[in-house]
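Chemist: Letter by letter, the chains look like this.
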Amino acid sequence: MAKKLTVVLSQGQSQNPAKRNLEEEIVARLLFEPGIEVTIVPHLYDLKPDGPGMLCLEGISGNMVIISWMFERAARWTLDRNGIHGKIGTSLLTYEVDEDELDELEDEEEKAEKQRVADSRPPSNRYIYCLDLRVSNKVDEYVEEIQRIAAEQTPQVMQLGGLTLDPSPSNGNGNSNGEMFGVTPLQQLRHDHPTNDTYVGANHEAPIEPIRIEETGGRRWYPVIDYSRCTNCMECIDFCLFGVYGVDGIDTILVEQPDNCRKGCPACSRVCPENAIIFPQHKTPTIAGSDIVAEGGLKIDLSQLFGKPAEDPNAADTAIRERDEQLLLAGRDAVGASVGMPKRQADKPAEDRDELDDLIDAVDELDI
Amino acid sequence: MSDDSLVFMMGKFETKFPTDRQYAKNHTWAVRGQQGYRFGFTAYAVRLLQDVYFLEWSVDAPSALRQGQEIGFIESSKAESDLYAPLAGQLTTLNPALLSDPSQINLDMYGTGWLYEIDGPGDQLMSPEEYLTHLAGVWEITQRTIKGQLNE
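Heads up: the protein sequence lines correspond to chains Z and A, in order. Sequential numbering of the first sequence, starting at 1, is according to the UniProt record's numbering. Sequential numbering of the second sequence, starting at 1, is according to the UniProt record's numbering.
The hints are simulated quantities; they were obtained by calculation from the structure and are not laboratory data. Keep in mind that this is a model prediction, so the values were computed, not measured. All C-beta atoms, glycine included, are put in the ideal place defined by N, C-alpha and C. The reader is advised that the hints may include incorrect statements.
Under 7 Å between C-beta atoms, here's a sample of chain A residues computed to sit facing chain Z [claimed, not checked]:
1. Leu48
2. Tyr53
3. Gln67
4. Gly68
5. Ser81
6. Glu140
7. Thr142
Throw the hints in and build the complete structure from the sequences for me.
Modeler: Here's what the structure looks like:
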C-alpha cells in the first residue's frame, strides 16, 4: 500500500513577491493532491540544528520531496549534515544541460575510481527528492513533477507484495477487469475500508492543511560536505584554521562546528580536490552546489559597475587570500600558503572549475 | 535638498545628487558622522537596481574592511549585484532597518535608506561635481553592460 509522500517547502530569504507567490501557489495546489502532506519551513540552510524546523524534518520517516531555493546537491547535503538521510530520488525538473557539458561531466566521472565516503554508508530505505525553485517559475511544472514522484511511489510497493489492491495508474478510470492476483475479498475489504491514517485514499475531497513551522534566528553560514564526492582526504581540515572541521568516531571528516565558520568565506571549498564542499549561499554556482555553471541568472549582474575587483588567477590563490582576510579580521596573523596547502606537482594546475568552463566555452565558440 | 542638488540624465531619466555630501565610485554617497562615514546608494544606483527585494551582508559589524572587499549582495526587481566596501576602515554599523525590509532604499535613499557606516580615511571620496564627471565617464559602460547582458 502506498505511503504518504511528504513535501517540504523551504522558504526563500528574499522578500521578492514573485518568489513568495510561487511558494504559496505551489502549496495551495498541493493541498488538494491525495496522499501528499505539505510542511513549510523557513530557509532550510538557516534552520538551527535543535530548532523546531529541523526536529520536524527529522520526524519525517517516509519518502520526501524538498523544494528550496538551493541547488539540489546543496539541499540534499544540508539535510545530510543534520542526520536526515535518504537515497537520491531523481527529479526530472532540473536545469537544462548543454550536451557538450554533459559529456565533459561524464568523462570526469569515468576517470574517478576513488572510494567515496558515501560508498561505505549503510543504504537508506527511503528516497529524498530535491527540487530547486530557481529552475522554473511555473507552478504547474512543480505540481506535475510532484505528482509524477508521488505516482512513482506506488508501483514499487505493489511489486513487493505481488498484490494489486490499488487500481493501477494506467488503468485507473474505474475500468475494473477484476484481476485480483490472489487477493481475497477480505483483503480487498480491508483495503477499501482502512483503519489507519497511512492509507492513501484516491478521493480526498477536503484539503489537508499544511504544517507551518516558524523559526526566528539570523542567517547562517557554514559548509556542507557532499559525501558522494568526498574521499576523506582531510585537506579541508588541514586548511581551515577556524576549527570548523572535525572527525567522527570512525575518522570520517565532518563539519563539526559549523558556526565557527567565517561569514562569506568559501576558502576550504576552493582547496577541496573533489569539489565536495558546498556553501549553498555563495554566489559562484559551482561553490553553491551546481553541477553546471548556470547560464547567468535572468537578472542583470551589476557587480562590475558596483566595484567588483579583478579576479585572482586561480582557486588556491583566492583561497589563501580569503583565509588571510578572515585571520586578520579575527585578530590573528595571516599565514599565506605556509599552512595546510598540500604540495602539488608544480606543473599541475589547481582545480578550478570556472576556468575550465571558460576554456570549454572558448572551444565552443571556435565553431569547428 | 531637492533645490540644492546636481542633476545627471540617465537617458531621459533625471537623477539628483544632493550637494551636502561626498560620493564614492561604487555609486554610494557618504556623510561624515560620529561613527565615521555613513553610506547609502545614490539615485544612479537605485535607478539601475529599481525595486530592492533583498539585501544581505556577508560581514558583521564591527569588523575591519579592506577597500573593495566583498561585503554583501543585493537583489532587486531588475538586477542583482555583489556589494563592495567603498573604503578601508572599521565597519561600525549596518542599517538594521533594511534587513527585514530593504524598501527604504527606494523610498528614501538619501535618508533612512542608508546602508552602513565605516570609520576610515575618506580622502578618496569625491565631491558632487567630481561624481557627476565620473558618471559621465561610466554611463556609456553602464549601458553597454546592461545591453550586453540583455542580448545573451
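Chemist: Each hint should be assessed against the structure and marked as holding or not.
Modeler: Each hint, compared with the structure:
no., hint, result
1, Leu48, "holds (6 Å)"
2, Tyr53, "holds (4 Å)"
3, Gln67, "violated (9 Å)"
4, Gly68, "holds (5 Å)"
5, Ser81, "holds (4 Å)"
6, Glu140, "violated (12 Å)"
7, Thr142, "holds (6 Å)"
Violated hints, listed in ascending order, are 3 and 6; each of the other numbered hints is respected by the structure.
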